[in-house]
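*Asks:* Going down the list, the protein sequences come from chains A and B. Read in this note's numbering, the first sequence has 188 at position 188, and its numbers run on one by one without any break. Just remember that this note's numbering sits 1000 ahead of the position in the second sequence, which is counted from 1.
Since the hints were made in silico from the structure, they are not lab data. Yeah, the Cβ is synthetic: ideal placement off N, Cα and C, and Gly gets one too. Incorrect hints may have been included.
[Unchecked claim] Heads up, simulated EDC-like pairs for lysine to aspartate or glutamate below, C-alpha to C-alpha not over 16 Å straight-line: (1) A/163 with A/141; (2) A/163 with A/148; (3) B/1008 with B/1071; (4) B/1070 with B/1033; (5) A/163 with B/1033; (6) A/163 with B/1071.
[Unchecked claim] Listed next, with one range per pair, are the computed distances between beta-carbon atoms: (7) A/154 with B/1033: 56 to 62 Å; (8) A/142 with B/1230: 24 to 30 Å; (9) A/2 with B/1059: 54 to 60 Å; (10) A/93 with B/1252: 31 to 37 Å; (11) B/1126 with A/13: 54 to 60 Å; (12) B/1032 with A/93: 56 to 62 Å; (13) B/1020 with A/140: 25 to 31 Å; (14) B/1013 with A/240: 26 to 32 Å; (15) B/1126 with A/93: 56 to 62 Å; (16) A/157 with B/1012: 25 to 31 Å; (17) A/5 with B/1167: 55 to 61 Å.
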Amino acid sequence: MKRILPPVLVGIAAIVAWQLTVTLGRIAPFILPAPSEIWEQLVEQRQNVWEAALASGANALIGLIAGSIVAVLAAMIASRFRPLAEISIPFAAVVSALPIIALAPILNNMFETTSSIPRRLVAAIIVFFPVFLNTLRGLREVNPIHQELMHTYAAGGWTFATKVRLPGALPYVFTGLRQASSLAVIAAVVAEYFGGLQNGLGSRITSAAAFTAYPRAWAFVVGACLLGLVFYLTTLLLERLAMPWRSRLIA
Amino acid sequence: MSAVVLDKVTKVFNQGRADEVTALAEVDLTVGDGEFVSLIGPSGCGKSTLLRLIADLIEPTTGTVQVAGKDAGRARRDQDYGIAFQQAGLFEWRTVRRNVELPLELRGMGKGERKARAEEMLALVGLAEFAGHYPAQLSGGMQQRVAIARALAVQPPLLLMDEPFGALDEMTRERLQAELLGICAQTGTSTVFVTHSISEAVFLSNRVVVMSARPGRITAAIEVDLAARDEAARQSERYFEHVTAVRQALRGVPATT
């Protein structure tokens, strides 16, 4: 409760300040709508927001899962062959610095206009890098005593990988996944700005803005925020479930 | 048959390079069945290197190492020894019981059997009720006891220990020493024990092997015959005589016992 209360109070204060600034400062709604107007729109459009969030969420989720699986497998392979890891780290860093979201229009042209694949691909590619880099770091950091112990147990490479390397890398994998979960939602939403199917949050935001219905556009932005939060919190929950030894420190 | 036989073992690190170090020179050592041998000496005398050679974690430059009558590599693959280090080195994602089970698991022992064995070993080190805990929930001394239980789990004829109590406080250390002696007596395990505590070496061992550095070699071997090894023995005259003998040997004065 003590940890939750301060951010909630700050949040409420910020919304009140926003409301007061807009109403007292007579700021035009096309510059910044008041929270009350956005709330009205959110309630009115809740069915649309929900459906759009489901569509974008499905794309983000599929991209997140596919990107993460490929990233963990790639990291496992790279960690097995030292030269490969040396090459792949700077390469991955450079590629991840590219604005991958800019691939969206190109990918859209590669598939049919009604296909969801381009948006899922963008999400998967964006997810790949944080998961890959973190997992690789975790896989390479093995406690030397664990290494010696496994050697005295005459354990082979595969046994060592599954019993020591992977569980030891789990905290790093989840650090990557936490970053990736928010990125997946951003990627899935922003990819919709560049055409393709018009059923997600991103396309709703652009069309509302095109009709100068700014409070409605903001309502969908709030929807995107909540979707990102759901992804992040789910990842946190999974992290706790997957690593019970971390949350059960005090007996 | 002897538990360990080292014959003219020399270990040179970074051979042929500018930073070449002779860690051990021409070392001969035999550990009899059921014998408790301590290796003691200043830092850099090669006592840990000697232990690692027996464990086949490193290979000798020249000479041979035999464990249980076999080549050290064969003995390692057959899991003929259990090992414990200064740090417990437990796997933090496994419960205490599953940590002890790991070497058994890797040997292909069945689930029920290894659970029973692990619980038996944990009872031996007095941690039966902590089987379901994670290592991070235990104190340093308890973790070290789990590591010892794990080393004993395969019921090895030989136990190798590299300063296992080095990081513990004096009281915990003395209690674990007594526990270790009890376990060794009960199971008939031969032990090679690396330490830099004279009193620990004398209290635990049948024989204290004194080493010196640059190059690492054995300078003396002192037989310890205490009537009993209990709290009273720590105060006995024989005990202090042996402590003095080991201390003199470490300083290079010829031993009198």
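*Asks:* Falls inside 54 to 60 Å, the C-beta gap from residue 1126 of chain B to residue 13 of chain A?
*Replies:* holds (56 Å)
*Asks:* Assess, step by step, whether the Cα of residue 163 of chain A is no farther than 16 Å from the Cα of residue 141 of chain A, and give holds or violated.
*Replies:* holds (14 Å)
*Asks:* Does the structure keep residue 163 of chain A and residue 148 of chain A at a Cα separation of 16 Å or less?
*Replies:* holds (14 Å)
*Asks:* Is it true that the CA of residue 163 of chain A sits at most 16 Å from the CA of residue 1033 of chain B?
*Replies:* Measuring from Cα to Cα gives roughly 33 Å; hence the hint is violated.
*Asks:* I want to verify a distance hint. Is the separation of the beta carbons of residue 93 of chain A and residue 1252 of chain B within 31 to 37 Å?
*Replies:* violated (57 Å)
*Asks:* Can the restraint linking residue 1008 of chain B and residue 1071 of chain B be considered satisfied, given a maximum Cα separation of 16 Å?
*Replies:* holds (15 Å)
*Asks:* So does residue 1013 of chain B sit 26 to 32 Å from residue 240 of chain A, Cβ to Cβ?
*Replies:* violated (45 Å)
*Asks:* Given a hinted range of 25 to 31 Å, is it respected by the beta-carbon distance of residue 157 of chain A and residue 1012 of chain B?
*Replies:* The hint (25 to 31 Å, Cβ to Cβ) holds, given that residue 157 of chain A and residue 1012 of chain B are roughly 29 Å apart.
*Asks:* For the pair we were handed, residue 163 of chain A and residue 1071 of chain B, check the Cα-Cα distance against 16 Å.
*Replies:* Roughly 28 Å separates the two Cα atoms, so the pair is violated.
*Asks:* Okay, residue 2 of chain A versus residue 1059 of chain B on CB: inside 54 to 60 Å?
*Replies:* Given a distance of about 58 Å, which is inside 54 to 60 Å, the answer is holds.
*Asks:* How does the Cβ-Cβ distance of residue 154 of chain A and residue 1033 of chain B compare with 56 to 62 Å: does it lie in that range?
*Replies:* violated (23 Å)
*Asks:* May I ask you to test the hint 56 to 62 Å on the CB atoms belonging to residue 1126 of chain B and residue 93 of chain A?
*Replies:* About 51 Å separates the Cβ atoms of residue 1126 of chain B and residue 93 of chain A, which means 56 to 62 Å is violated.
The structure does not agree with the numbered hints 5, 6, 7, 8, 10, 14, 15 and 17 stated previously, though it agrees with the rest.
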